[in-house]
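The lines below spell out each chain.
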Amino acid sequence: MPAHRRLVDLLREGLGLTGTKEGCSVGVCGACAVLVDGDMVSACLMPAIFVDGTSVETIEGLSPPEGPLTPLQECFIRHGGFQCGICTPGQIMAATALLRDNPHPTELEVKRWMMGNLCRCTGYYKIVESILAAASGEGAPS
Amino acid sequence: MSMLTEDAARIFEAPEYRIEGPLKVSGRARYTADVKVPDALIAKFLLSPLPHAHIVSIDTSAAKAVPGVKAVLTGADIGLKLFGRVLYDWPVLAVDQVRFAGERVAAVAAETREAADDAIKLIQVEYEDLPSVFDAEEALRDGAPLLHPDPSGYFYGMGKRGDRPNLNLQGYELVKKGEEDIERVFASAHRVFEDEYSGPRQHQGYIEPHACVLWIDGDDVVHVYSVAKAPFGLRTQLSRVTGHPSPKIVVDSMFIGGDFGGKGNVIDEFPCYYLARATGRPIRSINTYAEELAAGAPRHAVKFYLRTGVDRDGRIIAHQSRAYFNGGAYGAAKPMPNCLVPAGVGPLEVYNVPNTRIETFVSYTNTVPCGHMRAPGSIYAGHAGEGHIDHIARELGMDPVEFRLLNCVRDGDRGPANEGFHKPKAVEVLEAVKRETSWGRPLLPNHGRGVVLRHRHVGTGKSEIVLRLLKGGKIEALYATPDQGSGSATVVRRVAAAVLSVDPERIEVRYGDTGEARLDGGSGASRVTHVVGQATIAGATSLKEQLQDLAAEVMGWPAGKVRLEGDRFVVADGSGEGGDFADVAGRIAAGGEVEAIGAYDSNTLSHDEADFNFYAYMIEVEVDPDTGRVEILDAVQVVDVGTIINPVAHQGQLDGSFVFGFGNAMMEELVEQDGLITTLSLGEYKLPTQMDIPPLRTVLVQDPVGCGPFGAKAAGEITNSGVAAAVANAITDAVGVRMKTLPLTAERVFASLQEQKGGVI
Ligand code: FES
Ligand code: FES
Numbered sequence: 001m002p003a004h005r006r007l008v009d010l011l012r013e014g015l016g017l018t019g020t021k022e023g024c025s026v027g028v029c030g031a032c033a034v035l036v037d038g039d040m041v042s043a044c045l046m047p048a049i050f051v052d053g054t055s056v057e058t059i060e061g062l063s064p065p066e067g068p069l070t071p072l073q074e075c076f077i078r079h080g081g082f083q084c085g086i087c088t089p090g091q092i093m094a095a096t097a098l099l100r101d102n103p104h105p106t107e108l109e110v111k112r113w114m115m116g117n118l119c120r121c122t123g124y125y126k127i128v129e130s131i132l133a134a135a136s137g138e139g140a141p142s
Numbered sequence: 001m002s003m004l005t006e007d008a009a010r011i012f013e014a015p016e017y018r019i020e021g022p023l024k025v026s027g028r029a030r031y032t033a034d035v036k037v038p039d040a041l042i043a044k045f046l047l048s049p050l051p052h053a054h055i056v057s058i059d060t061s062a063a064k065a066v067p068g069v070k071a072v073l074t075g076a077d078i079g080l081k082l083f084g085r086v087l088y089d090w091p092v093l094a095v096d097q098v099r100f101a102g103e104r105v106a107a108v109a110a111e112t113r114e115a116a117d118d119a120i121k122l123i124q125v126e127y128e129d130l131p132s133v134f135d136a137e138e139a140l141r142d143g144a145p146l147l148h149p150d151p152s153g154y155f156y157g158m159g160k161r162g163d164r165p166n167l168n169l170q171g172y173e174l175v176k177k178g179e180e181d182i183e184r185v186f187a188s189a190h191r192v193f194e195d196e197y198s199g200p201r202q203h204q205g206y207i208e209p210h211a212c213v214l215w216i217d218g219d220d221v222v223h224v225y226s227v228a229k230a231p232f233g234l235r236t237q238l239s240r241v242t243g244h245p246s247p248k249i250v251v252d253s254m255f256i257g258g259d260f261g262g263k264g265n266v267i268d269e270f271p272c273y274y275l276a277r278a279t280g281r282p283i284r285s286i287n288t289y290a291e292e293l294a295a296g297a298p299r300h301a302v303k304f305y306l307r308t309g310v311d312r313d314g315r316i317i318a319h320q321s322r323a324y325f326n327g328g329a330y331g332a333a334k335p336m337p338n339c340l341v342p343a344g345v346g347p348l349e350v351y352n353v354p355n356t357r358i359e360t361f362v363s364y365t366n367t368v369p370c371g372h373m374r375a376p377g378s379i380y381a382g383h384a385g386e387g388h389i390d391h392i393a394r395e396l397g398m399d400p401v402e403f404r405l406l407n408c409v410r411d412g413d414r415g416p417a418n419e420g421f422h423k424p425k426a427v428e429v430l431e432a433v434k435r436e437t438s439w440g441r442p443l444l445p446n447h448g449r450g451v452v453l454r455h456r457h458v459g460t461g462k463s464e465i466v467l468r469l470l471k472g473g474k475i476e477a478l479y480a481t482p483d484q485g486s487g488s489a490t491v492v493r494r495v496a497a498a499v500l501s502v503d504p505e506r507i508e509v510r511y512g513d514t515g516e517a518r519l520d521g522g523s524g525a526s527r528v529t530h531v532v533g534q535a536t537i538a539g540a541t542s543l544k545e546q547l548q549d550l551a552a553e554v555m556g557w558p559a560g561k562v563r564l565e566g567d568r569f570v571v572a573d574g575s576g577e578g579g580d581f582a583d584v585a586g587r588i589a590a591g592g593e594v595e596a597i598g599a600y601d602s603n604t605l606s607h608d609e610a611d612f613n614f615y616a617y618m619i620e621v622e623v624d625p626d627t628g629r630v631e632i633l634d635a636v637q638v639v640d641v642g643t644i645i646n647p648v649a650h651q652g653q654l655d656g657s658f659v660f661g662f663g664n665a666m667m668e669e670l671v672e673q674d675g676l677i678t679t680l681s682l683g684e685y686k687l688p689t690q691m692d693i694p695p696l697r698t699v700l701v702q703d704p705v706g707c708g709p710f711g712a713k714a715a716g717e718i719t720n721s722g723v724a725a726a727v728a729n730a731i732t733d734a735v736g737v738r739m740k741t742l743p744l745t746a747e748r749v750f751a752s753l754q755e756q757k758g759g760v761i
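Protein chains in written order, with our numbering: chain A, 1 to 142; chain X, 1 to 761.
This is chain X alone, in the form it adopts within the complex (with noise of 0.2 angstroms):
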């Protein structure tokens, strides 16, 4: 169902009162740190100190006779047990040798957090250093150490892993398009832009660590509490890893304490299922601060190398580009085929290109494994891109949202992958920023203002979910998609009571373990809305047949002609007949139970291209020269959006999404020194807090179009990626540096002004 009806409109108009709010705000809410199981040891990793070396012996002895440790586990004892989302390469515990700085070495599991801490220092390993690298160029260079010399035992579950033209490539894709010989385009064309961007490490900073409760009862059960956000996907990775088979494990990962594409990746359920397995006992593991930032799987360290062509009017005719993501030590943390950044192919993603050859390589180094973090790499590929259409603009001296809207996609248009779109909207929200903003108006000495044409697809999946009718007039719903705060349980109540045409009070949504409800995706890539939205339109609507029929037999109404309108079964005769909800349908559970079962999967899309939220932003920034700080003055943020479900929770998903991106872009960096990250808590990871943020606008371009329920699309991951590049576009603007770096800390921006004066740093 896509078209927006009446009883849609009118209850997503309302302001909603989110279904875990009550939890939330009283401290009631469980996540998984605070799950109490009965006789739970604790856990701790021994994580290593050296970025590569071979592991020469482990003396576990000393760490063993600490009163109250039960287990001391190592690879030894194990084996080579290796782990993964699609590629499994990421050793549980290190076996002969360790890749990175905080790889784990060893597991401990003891009655007290002290005799965890004090076993780990005496365990005794003797390493050998071996040669390290830790740039993603350099990794692929003649000479560079290897890191997976022989790959062939890794399990890769997509399939047939991609060509890889170095073994020190965790994945590698070209995407060409138009003329093959890209050379002689670029060789008719009237000017040739070049321009090279980077980006450092960043992390998804939520404030809930990664923790799990794991547990094996006496039928061989596994339990999970975790804080992974997609349950039935660590089930898989568990059964794979461990041979425990699959429906004798169960995941609850009910409440996530923040994701940001961090909780994709877990990494101690597998050391601890061996933990537990050694002593029998529940076993629970808590990271500290420290050991997130140290050993996560953050986002990529990235270089672009952009190139670009333009006619005599300034329409693109070519462009070629090159992207180098440091995936560190193992390419397990990341979901996509072949270990793919998808933002590699994202610079230029929002214009029409005719021809393109675009190349992404992953690396593999002697640093930290990264993983996913909110439209991964996006923000990168939205700095780079963006700052170099806006360089190129300048050069050519044109106005910036001009030659945006000469060269951006239209409909039927396709991007710089060949790739499709549904009803794009980047005509429209460029027109907005010049009808909505202070864009072109004169503007103060050190002033300046940066635009952005961005856009982030609506994300694909599958999901299923259960509607059954309750005793007392009540409708559960049941899944399984983990809240880690966009609303979701909410977004199920709503649509689910526009479908049956009854009060969304009625609806009750529960979330159940992977044990209890069906199959479900996972929450991420602006995938839930739609997905699980797709799934609840399938069940109420079912759900709605079923209970029609049932309301015509049981109250002995002409069958065929029951209607479930208005909160009321209503006879559809003429005769004026009926009765409330909550009567007729009394009568239909004192029957029997009724129960439908939604279930979507995308690749059954209603319309042919896929969605995509188009999004610009105005951003005026002060910089002020004797010490390169930068003001945000007035931020403008302009979405296409959808039918919208939860008017809150929506902007607050824009909202946390511009502050997030205002973080990435101004002040966040995981600083690595010779393979180690030093920024070891979040007073040195800084985050933006209550006094940094900017004031913010949102104009929404509103078009119910989207696949999603009702026209909905996404909202989780659309405008954090443009906000580096507005900013950088607006110093441009006001003190003619281009920033092509991120953060944008004061100290860049002074260097580049020292420079620009020819002055020494």
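Okay, chain A solo, but in the shape it has when bound (with noise of 0.2 angstroms):
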């Protein structure tokens, strides 16, 4: 890998991990959202070797291939907050940490975490709609 390549070349590229998604590539569109050492960032902007010796979380850690969904995703399914699915791992990746920072939040708290998910498809009602059920313990295996 180059050196100069993105986390989200080595991501995609590199390791054929291409649940995490490339849109704008400025930095706006939160397509490709990861978690390095649970913060959230954008795979791309950030250079490839500055997650060296970190730990790097994507779509792909969350479930496995044949195991069971988060409750996140499920209330994303339930609540219809994907369409077309292209922007639906940052968002997913955006909620999940989130959540994990703030297991009960706000209407207003989702949405201005999630502001730098953009989603041309849905509108972001059902977006919310389905982050508020996951935190209300929806989606939860019974």
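Calculated from the structure, these hints are not laboratory results. Idealized CB from N, CA, C, for every residue including glycine. Worth double-checking, as some hints may not be accurate.
Far from chain A by the CB rule (all over 10 angstroms, computed), these chain X residues [stated by the list, open to error]:
hint: 1; residue: V66
hint: 2; residue: D118
hint: 3; residue: L130
hint: 4; residue: I256
hint: 5; residue: T288
hint: 6; residue: R394
hint: 7; residue: R414
hint: 8; residue: A417
hint: 9; residue: H422
hint: 10; residue: A582
hint: 11; residue: A596
hint: 12; residue: Q673
hint: 13; residue: D674
hint: 14; residue: L696
No farther apart than 16 angstroms at their CA atoms in a straight line, the calculated lysine to aspartate or glutamate pairs in the EDC-like style are these [to be verified]:
hint: 15; chain 1: A; residue 1: K111; chain 2: A; residue 2: D101
hint: 16; chain 1: X; residue 1: K64; chain 2: X; residue 2: D118
hint: 17; chain 1: X; residue 1: K303; chain 2: X; residue 2: E138
hint: 18; chain 1: X; residue 1: K248; chain 2: X; residue 2: D220
hint: 19; chain 1: X; residue 1: K36; chain 2: A; residue 2: D9
hint: 20; chain 1: X; residue 1: K248; chain 2: X; residue 2: D217
hint: 21; chain 1: X; residue 1: K474; chain 2: X; residue 2: D580
hint: 22; chain 1: X; residue 1: K36; chain 2: A; residue 2: E13
hint: 23; chain 1: A; residue 1: K111; chain 2: X; residue 2: D692
Both chains come to you apart, so use the hints to assemble them.
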């Protein structure tokens, strides 16, 4: 991997982890959101070498291929939090970070936190609804 | 089948669990840019920096010498190859001339992105500037530079190309109705009103840039992974451009990361074919977002001139309009006959106007070629037409809702282009505005309300789907409609289950590429639920008959007496005999393949007139007179709908439409300067974020009378086109200025307020 490549290149091209998406490439859309040592970053802005020695969590790490989805992922399906799905891994990584930090956010806190994740399809209403549903305990395996 | 059955009502009522949901929320849905093919080379393109120029020479020698570069192609290498959706006028790679800044001049294939980028920088092109024209109306004036002086070699895929009064027109249309001499009607009018409205280019704003992966196998079969939303259409185009036989082209567009019209046109698949030929290697191309914004196929900039006459009672008696669409350098990205944008006839399309004369001009200019974007052009037709109607109502001293009620189309009326309507719901949605919103109540200072009445057709087309019985009591539905987020796979599942009267979980919907699945017209134009849904009904009905007959055969039941109902086969002879679906189907499947093909062509519509979703908005705003800032305090969309098949996705389409229209109305503009697009990132071309969106309420006016399955209509392109007009009308109500240009930015509103005061801006 050439030294100037970005984290999104390392993930998508180097490691074949294509769940992380690339949209705007300038840190605006949030499609490339991943967690580095638990903090949300835009993988299109971060040089790959910066993650040396850190733990990087991507959408692939949330649920094993045949295993159960997380309650948040379940809620995105039940509440229509996705349409085309291209922004969805980024939305879910961002919301995962939010709920770890603040398990019971208000609607305004959700909107503020999620502001950096663009979605052209849903109009956001159902993304907020999905996140608040997960925060209220919906989607957990019974 | 258009009657709602008990099975259908029960299945459709439950909130759906989308089939593709688990793949999409876990990052495992495979989009085109995710496709990995061994040994693929990276493609990059050199784009023209000039809007109109003669190419004097191209030197690719330094580019070819870059280590890792496997091919550098120019128009001289591949010859003049023209592509398009209906009109093939866009060169795959420029030959002798470039007609817009962003046109592809050379293509590179290299082992790495770095090598490709380096090679692009080393291509030397000498240009000689040519005179340019950037404005749609200026392009039609005498002496304007002609972009396509000799179109005789352009293939046109819809018979004979229509007459064009000027060679700088991609397309022209005159629609008339009623009195031939419309000036006589205007002369008899009580009042005549004139208005001019305009809108800028706007970008579809999908988050997934265009991408393709293309390779040619040992049997000379061309494989294409593409973001094209009409894979069969792309197959036809690729075949016509390259001469490669279409049965030997396989297109796969399974998941599309946002479309909104933008994935109807694809560009890079064509040069990638030639790169694959030249190198013998798979080629992978992914646009940057800057390339999307500079040289995609955005929504046209437009100017409308409207003139309308009313009689003493406020009835519209004559309407004349001219719409000038800036088509850009090529007409290739448009799928309609004569490269027309249908919204040209749209400003007063929901009104009963006896006499009309409506002209649409789509010009060639030295700017980015334009294409379709969610209900193409309709936002501008809505902004213009509904602003004009609001203007007339207020001048006449009539309530804008009552004025619309007086003039809107009712059963049996025909629209401005003489089009008919199947059970139009204009009155019903307006009545709901009066009933369900705050329309007419007192307002605080600087607050205002705007109302809008519009419609959107239910789309038409052809599609085929294969239904087959699988071992293990499942039924597979195989089709080639790409998934751009509408939830069509789940529509197919629920419709098939409703017809067959089985548990929806039994239906496994599978996407197939053009090599495997049968013909489909693509996902767009509000067509899929109607067309694919009806194809599913046809297929499921035929499969059900076969299964009932075969059940009698394998079980030894009396022939002609077996019914599939409630997930069971039952013998309708009073014996009470029957069996579980899975058991009986298992025995049938053991005996051999059972398959049915469902085909549908909407030319065989079950009723005479076309279906429309009518809708209205009531939006309340507050305008800050010191800054021009507009805040939406209340937004209500009233929507006429048919049977709803996926309730969650249906509401999602309406939500998404509103916010899409909100962005178009309030903030979105692809800025063009001397032919160059200057808003080159999503930081500059602003899309709405979570923090921007206003509260929204949806009121459904439901009647299951649509031409879709079980009386369904459409959902994807309805309400986005009405937001701009509703907000603009609300601004007028609040502070008196009429906003005739989009987007409705604070700067623009502030400038209008200053002008109103007579102040200097
Ligand atoms: S791709 Fe990284 S923020 Fe858009
Ligand atoms: S679901 Fe398509 S962009 Fe969000």
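key: Interface exclusion of R394 of chain X relative to chain A, criterion Cβ beyond 10 angstroms   = holds (31 angstroms)
request  = Check the non-interface label on H422 of chain X: least C-beta distance to chain A beyond 10 angstroms or not.
outcome  = holds (28 angstroms)
ask   = Does R414 of chain X really sit off the interface, with its C-beta more than 10 angstroms from all C-beta atoms of chain A?
value = With a cut-off of 10 angstroms, R414 of chain X remains clear of chain A, as the shortest Cβ separation is near 34 angstroms.
key: Cβ separation check - D118 of chain X to all of chain A, threshold 10 angstroms   = It holds; D118 of chain X is separated from chain A by about 12 angstroms at its closest Cβ, greater than 10 angstroms.
message = Hinted pair, alpha-carbon criterion (16 angstroms max): K474 of chain X, D580 of chain X. Please report holds or violated.
response = Given that 16 angstroms is the threshold and the Cα spacing comes to 13 angstroms, the pair holds.
task = Find the nearest Cβ of chain A to the Cβ of A582 of chain X and say whether that gap is larger than 10 angstroms.
result = holds (23 angstroms)
inquiry  = Given the hinted pair K36 of chain X and D9 of chain A, is their Cα-Cα distance within 16 angstroms?
reply    = holds (14 angstroms)
ask   = Do the alpha carbons of K248 of chain X and D217 of chain X lie within 16 angstroms of each other, as the hint requires?
value = Satisfied, since the Cα-Cα distance of roughly 10 angstroms is no more than 16 angstroms.
message = Can you confirm whether the C-alpha distance between K248 of chain X and D220 of chain X stays at or below 16 angstroms?
response = holds (7 angstroms)
ask   = Does the no-contact call for Q673 of chain X survive, Cβ to all of chain A over 10 angstroms?
value = holds (21 angstroms)
inquiry  = Tell me if the straight-line CA distance from K36 of chain X to E13 of chain A falls inside 16 angstroms.
reply    = It holds: about 9 angstroms lies between the C-alpha atoms, which stays within 16 angstroms.
task = Against chain A, does I256 of chain X hold up as non-interface, every C-beta pair farther apart than 10 angstroms?
result = Given that some Cβ of chain A is not farther than 10 angstroms from that of I256 of chain X, nearest at about 6 angstroms, it is violated.
Figure legend: structure checked against the earlier numbered hints; hints not met, in rising order: 4, 5, 14.
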